[in-house]
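A.B. asks: In order, the protein sequences belong to chains A and B.
So the first sequence is numbered by the working numbering: it starts at 1 and just counts up by one.
So the second sequence is numbered by the working numbering: it starts at 1001 and just counts up by one.
By construction, these hints were calculated from the structure, which means they are not laboratory data.
Please note that a few of the clues may not be correct.
[Claimed, not checked] For the chain B half of the interface with chain A, some residues (derived, Cβ under 8 Å), not all of them:
1. 1025
2. 1096
3. 1178
4. 1182
5. 1184
6. 1188
7. 1189
8. 1190
9. 1192
10. 1203
Yeah, the Cβ is synthetic: ideal placement off N, Cα and C, and Gly gets one too.
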Amino acid sequence: MVTELAVDHVSVRFALPGATVAAVADVSLRLRPGQCLALVGESGCGKTVLAGALLGFLPGNAQVSGSAVLSDEDGPPLDLLAATDRQLATTVRGRRIGLVPQSPASHLTPVRTARAQLEEAVRAHHPDEPDPRGRANGVAARAGLAPEDLDHYPHELSGGMAQRVATALALVGDPWLIIADEPTTGLDHHLVEGLLEEFRRLVADGHAVLLITHDLAAAQRVADRIAVMYAGRLIEVGPPHTVLDAPGHPYTRGLGDALPDRAFTPVPGMPPLLTDLPPGCSFAPRCDRVVPECAEVPALPLDTEHAVACHRPC
Amino acid sequence: MVDQRTWRPVPRSRLAAASTHLSPRWRLIPSAVVLGVVVLAVLVVPLVVDLDQQLVDLGSANRPPDAAHPFGTDELGRDVLLRCVYALRVSLTVGLVAAVVSSAVGTAVGALAGSVGGWVDRLLMRLVDAVASVPHLLLGIVIVAILRPSLTAVVISIGLTHWLTSARIVRSEVLSLRGRPFVDAAIVGGSSRTRILVRHLLPNVTPQVLLSTTLMIPHAVWHETALSFLGLGLPPHEASIGNMINDAQRSLLTGGWWMSLAPGLALIVVTLAISGLSGVWRDRLNPRRRSELTW
């Protein structure tokens, strides 16, 4: 059983002709059994790239630095960023880290039914299972699907059903860490509730969940901690109520104010281009609390319950 | 509020729909009928009819078509219609087996090249180009000459010269499918390369492979006919379209037109029927023509 995922100073950049995209910069975080961490932030701030880096699944022009060590009590620790593709394929992907991808309908093989793909995953991860069909039904039920829903081809599934099939596929290998990339997109309200409940149940069973989402309300309900990402950096990490109700970083405060049930005013300005980040704090150009120190990148303290990377927190 | 309107289907004449130029019926029905009759004939006639196609009857040699011999007799007095049926039996068998063999070879090569990529891909595709640069018939003749003429040699010769198209089709399909998100999902799900190829990529190319197999059958039939015509296919006494046309050459000068016309027509009609059916199927597979499926 995995005891901890320690992500330390992970940076990911993409080399393009004439430019470098700094997609993830100096991200450090800890995930332990029984924890659910919600990663929130605007589109394009690097959340999905971070998830891809943990699974060793980045485009060919990606360069990574730092380490992401998966400590396991049954074996030696494994640095996910240094592991070979074969190590990742045979011991990590789907087995210790499961991914619920974004836009799941396109992540299903179009010419086979959901059941065929789910049972294939059952056979791949549990070769000794005497009843793959029953197990597939069981996993599907945990994701909120009836057995007859599985007998459809991906193009016959609604967005929400495809989402649940993708969730079921990620659950099959019984991974320690589930990375869910926007899992509530396209789901009805009661299905969101069911899915969050399933995540809570996994967390209670000693799994860890990394929830990548835009849905601050869902993040607040399910997560133990919320990490706010801006332009590739974590700028605030803390318990959900602290982060959302008493934010320390001006950007987090701006995100909260953008919610319809609060001030409903967007953060002024536009996110910076990841190819052309301002020196120092990348939020400084949009910030109303700029001080001269903002020319330096503020560090995120690791040892506090509520960490804020800001020279002049709210 | 009750909906007071009456709803009725849009009136549409099925005949009118069928007679439009785009309707595939004019290809589907004749092709299916011809192919059905021929397949039934080659399967049933040898079992039911108590006639020997090899029976030499010099007394009734060189008869033009009449009631007893609808397609006439050849210079040895053998019934041309009966020999056509036996010849088509050989042609269709060879066509089917050779098309399956060449598709299997092509699919294996194409899938390997497309999924492994890199130098394996470049090497295999240059091999395809190299084989394609030699005329099919020439290469086929060389292979038959090496293996000695026989049915197996003909099948091998066709299989080794006709796999190029399906190799190219499968490779390009695999290359484009490899970039699709479901392959990414299979990778992050922990699937091995082999599993991704067998369970995710190949099922997606199956329709194209089956279609190219059916389109390959007429090619294979013609190739077999050409080899037999040149005396490199079946032994001369066996009924085969190529042998029959070759034999009939001599009679052409003495006015025996029916001996070459019958096998020639049989060959053309049957291969047209097969490619007609494949064409209808190809159109059905084309998603842009879904709205025209009125039949």
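A.B. asks: Given a cut of 8 Å on the nearest C-beta pair, is the interface hint for residue 1182 of chain B held or broken against chain A?
C.D. replies: 5 Å, holds
A.B. asks: Per the CB criterion, is residue 1184 of chain B less than 8 Å away from chain A?
C.D. replies: 7 Å, holds
A.B. asks: With 8 Å as the cut and Cβ atoms as the points, is residue 1190 of chain B at the interface with chain A?
C.D. replies: Holds - the Cβ of residue 1190 of chain B comes within 8 Å of chain A, reaching about 3 Å at its closest.
A.B. asks: With chain A as the partner, please determine if residue 1096 of chain B meets the hint condition of a C-beta pair closer than 8 Å.
C.D. replies: 25 Å, violated
A.B. asks: The hint names residue 1189 of chain B as touching chain A; please verify it with the least Cβ-Cβ distance against 8 Å.
C.D. replies: With a closest approach of 4 Å, the residue 1189 of chain B hint holds.
A.B. asks: Under the criterion of a CB-CB separation shorter than 8 Å, is residue 1188 of chain B in contact with chain A as hinted?
C.D. replies: 5 Å, holds
A.B. asks: Would the stated hint for residue 1203 of chain B survive a check requiring a Cβ distance to chain A of less than 8 Å?
C.D. replies: Residue 1203 of chain B check passes; min Cβ-Cβ to chain A is 5 Å, inside 8 Å.
A.B. asks: With chain A as the partner, please determine if residue 1025 of chain B meets the hint condition of a C-beta pair closer than 8 Å.
C.D. replies: 28 Å, violated
A.B. asks: Against chain A, is residue 1192 of chain B within 8 Å by beta-carbon distance?
C.D. replies: Cβ of residue 1192 of chain B sits 6 Å from chain A, so the hint holds.
A.B. asks: Minimum Cβ distance from residue 1178 of chain B to chain A below 8 Å?
C.D. replies: At about 13 Å, which exceeds the 8 Å cut-off, the nearest Cβ of chain A leaves the hint on residue 1178 of chain B violated.
When held up to the earlier numbered hints, the structure conflicts with 1, 2 and 3 and fits the remainder.
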